Structures are given as structure tokens and as C-alpha cells.
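Asker: Using the sequences provided together with the hints, build the complete structure.
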Amino acid sequence: MISVALVCLLPCLYVVSISITPYAALSLEGGYALIPKHVSLEAYRTVLASGEIVNGFLVSVLRVLVGTSLHLAVCSAAGYALSKRYLPGSGLFIKLVLFTFLFVPGLIPYYLVVRSAGLLNTFWAYVIPSAAGAWSIFVFRQFFMELPPDLEEAARLDGATELDILVRVILPLSGPVYAALGLFNAVGHWNDYMTAVIYVPNPDLQPIANVLQKVLTQQSRVMASPDLQLDPSKLSISAWEQIPSLGIQMTVVVVSLIPILLVYPVLQKHFVKGMLTGAIKG
Amino acid sequence: MLKNRSVVGKSSTIASVPLCKQQGTTHAIGVILQKYWLLYALFAPTLALIIVFNFLPNLMTVPLVFKKYYLLRGIWDSPWVGLANLEALFTSPDFGIVLRNTIVISVYRLVFGFFPPIILAILTHDLLSHRIKRITQSVTYLPHFLSWPIVYGIVLALINPANGVIITFLRNMGFTPENLLVSETFFRPLLIITAIWKEVGWGAIIYLAALAGIEPELYEAATVDGAEWYHRIFYITLPGIKPVVTLLLTLSLAGILSAGFEQVYLFYSPLTYSVGDIIDTWVYRRGLLSADFGLATAVGFFKSVIGFLLIITANKLAKRYAGQGIW
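Chains as they are written, first to last, in the numbering used here: chain C, 8 to 289; chain U, 714 to 1040.
Bear in mind the hints are in silico, worked out from the structure with no lab data behind them.
Hints are supplied without guarantee of correctness; some may be wrong.
Claimed, not checked - Under 8 Å between C-beta atoms, here's a sample of chain C residues computed to sit facing chain U:
1. 99
2. 100
3. 118
4. 139
5. 198
6. 201
7. 265
8. 267
Given the structure is predicted, the values throughout are model-derived calculations rather than measurements.
Just so it is clear, CB atoms sit at the ideal spot from N, CA and C, and this is done for glycine as well.
Answerer: Rendered as C-alpha cells:
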């Protein structure tokens, strides 16, 4: 069927383009062929030896671990608290959370607040501002509200305290929601590069996405400069030396890709489930 | 003991607390706090975060818009300038360009990007083999999980002027392609094509779920009646997913002023500002890089107000035409 062929074109496009180019990194300059004649992994050696890349990975991994745990903890706590209709003030609280969903602050005031909070240029800028998310809170709330109330009542009859109920009854049942939302959040953290661009200029705190971004855009920014457009010979040697070669660039791309590719097959199902939970139940 | 006479789940809990005098109210609040301390404690971090990172910036927006903000003086000591910022905003030549770009790009995204996931979902749904279906799905929504820098890297590999795969191919065919990375004419299409490629698989998931909800008996009955595949699509499939489609369409309208900051920031360059600079990137440059806080906040404020109106309208429209909204 034609439709099947069309649908399969998409994957082939990117698989081919990435896998070939980095491996062809050290083929002779003359244009990269789709299938390389010579293969060398030297670019990989250079890239992996670079402290920047390793550091980038560390930062990203740390960010995912800390950021996601914090986000889940904060949002599930709020979701649980708000799922109890009998809690005085819960109506107001829900409206407050909804407010944050509707009224997203502008970049400038937000930046100024982050600055005043002392988070600028620190690791915490990655994890604290995004710890509370209205969407996650509502999904958790929905989930907790749908748990059968008998469980809680039975536990109360047995003399359990609120804390007991939370830890022993509710949490063990919440695996799926935590997993789904946690995955979303983790992927978001891993792929996010704007936060570092705006709030964290410190070169030691760059996540891998930013390292990649820097490596890739240097070239186009230089190429776009008016001088170069008119007369390439005007460009100083030092500027040329700063542009990573395409080979290096592509190697960094592949290196950034690998974690996602490794994790993806394993977690696919959960991604989809998570997406559907949020969307359909609203 | 209260524990054994559980009154959980009944709103009469509050009524059972004594409120006989003025002092009783404070006492009542104390009792409530004590009884539900855990729940309040659980909500406290969120409350603090909301206040600091949402209410505070929102409140600051007003003085920032109407004052000329000097970083060193802080907000209180900066002078009021009334509508000067807003005036500068609406008369700025950049603003017209930026607003136009934002809307044009958003509309392009909507018009070209809305239908591919639907088409993909319908195609996939009809695929016979369950295995092919799953493989196709996994492969098509993989790009959604790539960060934009990675996507940009792929774009570079394909069309960078020195040795991009596609460029080399075109050259070998005898064409002399221009530098597509900084080309004004190609910028918006590039943006849209890559965005579609990235999101089509993921977007299809929702539609596939909706398609799965259509009873197969309808299809069988139609085939028995002699319907061709295109009949089936028009008369069964499309009407079957109409609610989801309408809902998502109306909601997309609400996001029309956000044309994809992350992507544009990565793809654009000074040479393509005239076609690619959107509200968010302009605010970023003028506001943060040039420290023109008043102007940038005014723009942000303008965007938030319009965005708010749009989402309220979109929700109402969604409820009316699709039967449900986001809330």
C-alpha cells in the first residue's frame, strides 16, 4: 500500500542523515556521501574526551534526577491535599492553581523574580521554578479522587493516622501516575535548553542540550555575519578556528541522541499511557 | 476520641467546630489547622512556589509596564512614565514586523500542521498488520522526544551550504542552491516542515485513541453495503473523530501568539529576523539582552492579555462545538 510506504519514509529520513554523517566525519572533504567510503571514530574520541560534553551529561542527569523528584513530590502532595473536598479552603486553593495555569507571567518579570530569589546562574534555577506545575497537580488530584474512598475509611477504622494512610495506602497504589508524569517531566528536563540560555550562563552548569546548541549555532551565527556574506576572506583566522567542523558537530548530535534512543524502547508504552491519561480525562 | 468516630468525607466537619464568639473563630481556625495539618503542609510548598513564581511576577508586570525601570534603583525607586512604554511599543517599527511574523508563523503551523497527525492516524489505523502498526508508531513519534538542538543538528547535516547532504545532491544535479540556513524565503517553510516532522507522530496518538473508539461493526456494515475505502473514511472515520478534532482545533487557536520560541531561537539569525523574529524572541533580545525592561514587559503584558482572552474564548467555543473544554 502506498500509505505504508509514505509512512515509512519519515523514519528513514532521520535515521540515514544522522548515522551516516558522523561516521563519515573523517572522509575527505568533498562532500559527505550517503554511504561513507572510509569510517573513522576519531571524532568520537575527541568529543568524548572533551570535558564539556561529559560535564553536560552530568548536569543533565543531575537535573533530571533532582528536578523530576522534586516536581513529583511537590505536585503529588498538592494534588493529594486538593483531592480532599472536605479540606477547608481547598476550593480557593484550586482556583489559585488554575489561575497560574491561565496567567503565565511574562519573561521579564519572571526573570527579575528569579534574579531576586538568588537563583540566577545556579543549578537550582533548573529545578525550583518548575517544581510546581498546574497540569501535574490536576492530574494527580484527578487520580487521587478516583481512588475508592472505602480504602481510606477502612484504614481510618483501623486507627491509622493521616500520615499512615498516605504512606501505606495511597502511595503504593499511585505507581502508574507517578511513572507517567515522572517520565514526561524527565524528558522535559533532558531536552530543555532555553532555561540555561536565559537564566544560567555559567559554562560549568550547561546541560547537554545547551552544549549541543552552542556547538551547532556557532557556525550559523558566524556565517550569517554581514562581513562574511560580502567577502569571506575578511573573516579572521581565529573566528574560523572557533567553528567546530561539521564532523564534530554531528558527533555531538549522535552522542546526545544515544541516551534517548536507549531509554525510548523501554519506556515507550508509559509515555503513551501518560499522554492519554492527561488528555482524555482532562 | 475523634479517630474512632470518623467524620471524614462530610462537610459538616466545619460546622461541628464551636463558633460561639469572636474568639471562637480564631480558635476554630486553630482547630482546623491542627486537624488537617498534614494536608495543609502538603500544599504549602506549592503555595509558596505559586506565590513567588506566579503571583509575584504577575503583580510586578503592572509597575514594570508603567515605569521606566532602572535596574540599580529597583522597582520602587524607578520613575512612573505612564503610557510612554506602551506608546513606544506600538510605534516601534519592530513591533509591526514581530507581530506579523508571530501570527503568520502560528497560522502556518496551524494550517499545515493540524492535519498531518490526523492523516497519519487514519493511515496507521487502517494498516492491516498489528506489528507494522506498532513499529510505525514507535518510529514516528520518536522525534517528539528529541530536543530541538538535535533536530537543528539534523537540519544542518542536510542543508548546510558547505557539505549538507541535500545541498551536495542538488549541486551534483547541476543546481546552485543558495544558503538555505540564512535564507529569508526558506526560513518559515523550514520551521514548519521540521515542526511537523517532529510532532506528527505524537499528535497522531490522540487521534488513534479516538479512532479506536469507533465501533468496528460500522465499518463491516458499510463494506457489506458496498462502500469503498474512501466512503468509509468520509462517512465513518471522520465523523467519528469530529469531537476530538474540534476540541484540539479550538484549543490551538488559543496558542496563536506563541509561535515556538525554542525552535525559532535556534533556527533564526540576524539575517532572518525580518521573517522569523517572533514576539518571544524579540522580547528576549530587547528585554534581557538590551535591558529595555519596560518595553519588553509591555509586550509580554500585551501577549498575556490577548492570550488570556483567546483561551477563554477557545474554551467556550470548544464547549459549544465539541462538547467539552479544558475545564
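Asker: When the nearest CB of chain U is found for residue 201 of chain C, is that gap smaller than 8 Å?
Answerer: Hint holds; residue 201 of chain C Cβ to chain U Cβ min 5 Å, cut 8 Å.
Asker: Does residue 198 of chain C meet its interface restraint, that is, does its C-beta lie within less than 8 Å of any C-beta in chain U?
Answerer: For residue 198 of chain C, the interface hint holds, since the closest Cβ of chain U sits about 3 Å away, which is under 8 Å.
Asker: Can residue 139 of chain C be said to touch chain U, with a Cβ gap under 8 Å?
Answerer: At about 4 Å, which falls below the 8 Å cut-off, the nearest Cβ of chain U leaves the hint on residue 139 of chain C intact, so it holds.
Asker: Under the criterion of a CB-CB separation shorter than 8 Å, is residue 99 of chain C in contact with chain U as hinted?
Answerer: violated (11 Å)
Asker: Holds or violated: the hint that residue 118 of chain C contacts chain U, with Cβ atoms closer than 8 Å.
Answerer: holds (6 Å)
Asker: May I ask you to test the interface hint for residue 267 of chain C with respect to chain U, counting a Cβ-Cβ separation under 8 Å as satisfied?
Answerer: holds (5 Å)
Asker: How about residue 265 of chain C: closest beta carbon in chain U under 8 Å, or not?
Answerer: The hint is violated - residue 265 of chain C has no Cβ within 8 Å of chain U, the shortest such distance being about 11 Å.
Asker: Going by Cβ atoms only, is residue 100 of chain C closer than 8 Å to chain U?
Answerer: Check passed: Cβ of residue 100 of chain C comes within 6 Å of chain U, closer than 8 Å.
The structure fails hints 1, 7 (numbered hints given earlier, in ascending order).
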